Every structure is written in structure tokens, then in C-alpha cells.
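Chemist: What follows is the residue order along each chain.
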Amino acid sequence: MKLKKNIATSEAGFIFNPGTGDSFSVNNIGAEILSMFKENKSLEEVIENISIRYQVEKSQLEKDLEDFISQLYGHNLLEK
Amino acid sequence: MKEKDKKQEVVIAVTALNAIDSPGPGIPVIRAIRECKDFKVRIIGLSYESLEPGIYMHDMVDKTYQIPYPSAGTDVLFERLRHITNIENIDVLIPNFDAELSNFIKISVELKKLGISTFLPTLEEFEARDKVNLSRFGRKNDFPIPPDKVIFQIGELVKAAEKFSYPIVLKGKYYDAVICKTIEDAEKTFYKLQAKWGLPLIIQKFISGTEINVALLGDGRGNTISIIPMRKLYITDKGKAWAGITIEDPSLIEIAEKFVKATKWRGGCELEIMMSSDGKPFIMEVNPRFPAWIYLSAAAGQNQPASLVKLALGQKVIPFKKYEVGKVFIRYSWDLIIDITDFQEISGTGEL
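Protein chains in written order, with our numbering: chain H, 4 to 83; chain L, 438 to 789.
Hints are computed from structural coordinates only; laboratory data are not their basis.
Please read all numbers here as calculations on a predicted model, not as lab measurements.
There's no promise every hint is true.
Stated by the list, open to error - Straight-line C-alpha distance at most 20 Å; calculated EDC-like pairs for lysine to aspartate or glutamate: (1) K675/L - D715/L; (2) K717/L - E82/H; (3) K83/H - D715/L; (4) K8/H - E648/L; (5) K549/L - D512/L; (6) K677/L - D25/H.
To be verified - Taking beta-carbon pairs under 8 Å as the criterion, some of the chain L residues facing chain H (in silico): (7) T647; (8) R668; (9) L670; (10) A680; (11) I682; (12) I684; (13) E685; (14) D686; (15) V762.
All C-beta atoms, glycine included, are put in the ideal place defined by N, C-alpha and C.
Isolated chain H, as found in the complex (with noise of 0.2 Å):
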């Protein structure tokens, strides 16, 4: 999972697309996945860094990713 390279993120969630002019806020978790992403952490290493620290049924996070992922597909931040 890759963030589009120009896409600017900030600890506090708040997410930049230069090149259109879109922003977003997310929550705090969403903003520490959009950081392992821009990190190039895989998928699994995501669920598993998430799931220990926050106590979350893996089976849950798997499907609360695949949401908040096709949000970032769906607003053009992820790299194809």
C-alpha cells in the first residue's frame, strides 16, 4: 500500500492533495496507518502493528482497513 508521492500528511491527521486542492481529516489511528503506509509497511505488518497495540480483533481491522482503504483509492491518495 502506497501513498501518492505527493500527498502531504501531518501527525495530526489532516491530509494534502496538491494536486487538486483536496483536503480530509482523519482519526488518530487513521492517521498513524497513512504514516506506515508512507512508510511502505505492507498490508500485514499494518494489521499486525494496529491490532496489538490498539487490542483489536485482526478479523475487525481487516474489514475497518479495506473501508478506510477504498476511501484513499476512492479519493485518488493511494498509488495504484
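Given chain H, work out where chain L should sit, using these hints.
Modeler: Then chain L, alone, in the frame of chain H:
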């Protein structure tokens, strides 16, 4: 032409000092020029009406003179400007209203003889990008412009509108663009726009997408001095950007450079672009002057109005290469309090 050292005072006359909900570019142009450290300036406002706010903004405009309405023609305009420059020694004149531009272009050679430099497109370029000619202009230069049809009577509306399928965009000759979803809608709009702006009207194919404007400055030889693309973030009911952000998109830079190269555009200009959902930019309109949001160009690192002054003075201007992406402007309104004596003076004497 008067030789001016860059540190000497440059006298610059600027029009479009109005600031209604569709504001004129005059004050933003002046604000940008005043921020440039390369010259000292004295700003002469040229106004049409006594309630243009810029007349009373004395930190922006040093002195204002009323000038005749564009409909009065070029002779009276020239005589008025001759009178004003006898007092003020104007070096550069920057007109900023669509409706006045052709008059200023027509007298630009005569103005030069008075020592007043302008930096305007030729009349041919000015007319080629007119709404009525835009489609032809696009075909000639291979620009992506939505198909349109110029219509002179209501009878042509039904046939032309069916060709594009609804919704369509109906445009007035000078201003206004209305999206019409049905023939009834279109007929009503036809009469409204006809009453307001006269004929012809333009039917344009509707393109859905994101509205982006590009402010640019061409040197008149096909070179682009500056390009600043801005996405509208907040749009008024008149379609004007009330907030916007600079963006970075190579396709917009490419289309703007192509436009300047093809037209050898001389001066400031605004391309109104619709970015379709599949990422294709369409030129919807070409405005032959700086837009009202032009101060954003200075804020983002490319001071287009100040560069235009330098070009008009015959100075060399190196094309800008970088600008700050993500710079936001948010417009606001402000109630300026003035004394009745100021209003009396501009109304009675035509000067303030």
C-alpha cells in the same frame, strides 16, 4: 518614452477599484505591486463610479480620477487620460475590466506617445478568445474547449440544445453562465440573459468536474513569465471564488504554456478550467486580464502584477519557476467608513 530608474517613483494608474460580490481586480493588483521592493510607486486610481471602495482606500490608492464609461468611446477616454497624465505623469496603466479593455488596446499607441506604457494583448488576440469566438479559437490552436454554439434567436435554442443533450450551459455575451436542465429552464434563461446582455448567447456543452482557474502572465513573444493554478474552495452564487488554494498539476501548467505560446499573449490573463472527473482539463473561458484573486500569485511567490509593471517599463523579467503549493486565500468584506466630504469631492470634481 520616459527612462525610469527602478528606484525612482513609478506612477501606475489602475482601474477596477470596485469590490462588490464580484469584485474588480484593481485593489489586489495594487496590493501586489505595493509589496514589490524593486520600485517606489504612486498609485493613481481610475474609477467609473463614486462608490468604488478603492477610491477611499488611501493606503492603497494615492489619488483617484474618474474616467468616462467605456460606451463613451476612445476619444473622450484619451482626452481624459491626457488631462490626468499632464498632472500625474503616469508611467504605466493597467486596465482590469473586460468591458474597457478594447478601448485601452485601441489607444495604447497614442498613450505611449504621452509616455504611458501599457502591457496588453493585441486587439486580434483579445477578440479571438472572446466567448463568442472561443470554440473556433480552440479548434485553431488545438485546445480542449467544450463544443458550443452561438445563437441569435430563441428558435435556434431547441435544436442546438438537443445536439448537446441536457444539462447545457447558457452564457451571456459578456457575463453570466447558467446551467439549464430542461428546455423550459433554457427558454426562461434565454430571455433573462438576452434582457441583461443582449444577443447573441452561447450554448455550451456542460462538463462536470472541478473548477480551477489559472492566472498567467505572458511576455508577448510566446514566453510565459508566470503561471499560478488555483482551485476554487468556496464558490459564490455568482460563480466567483471566495476562497481558493494554489495547486500543482503539470497538465495545467502545460495548457497555460501552450496558450501563451499559441497566442503570444501579452499581459495578464485568467484561464477558467473545468477538470473533468477523468482528469482532463477543458478551457471554459479566457479572461483577458488579471483575476480578482491575483494577490494570491504574489503570496505564492510569483508577483504577476509587479512583473507586468516591469515588462511595461521595458525591464527584463526572468520567468518564474517555482511557487508555493497549498497557499490559501479567503476573501472577506469590510465596511469602510468615510466622510461625506470625500464622497462629495469625487462626485463633484471627479477627483479625490
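Chemist: Does the structure break any of the earlier hints, and which numbers would those be?
Modeler: 1, 4 and 10
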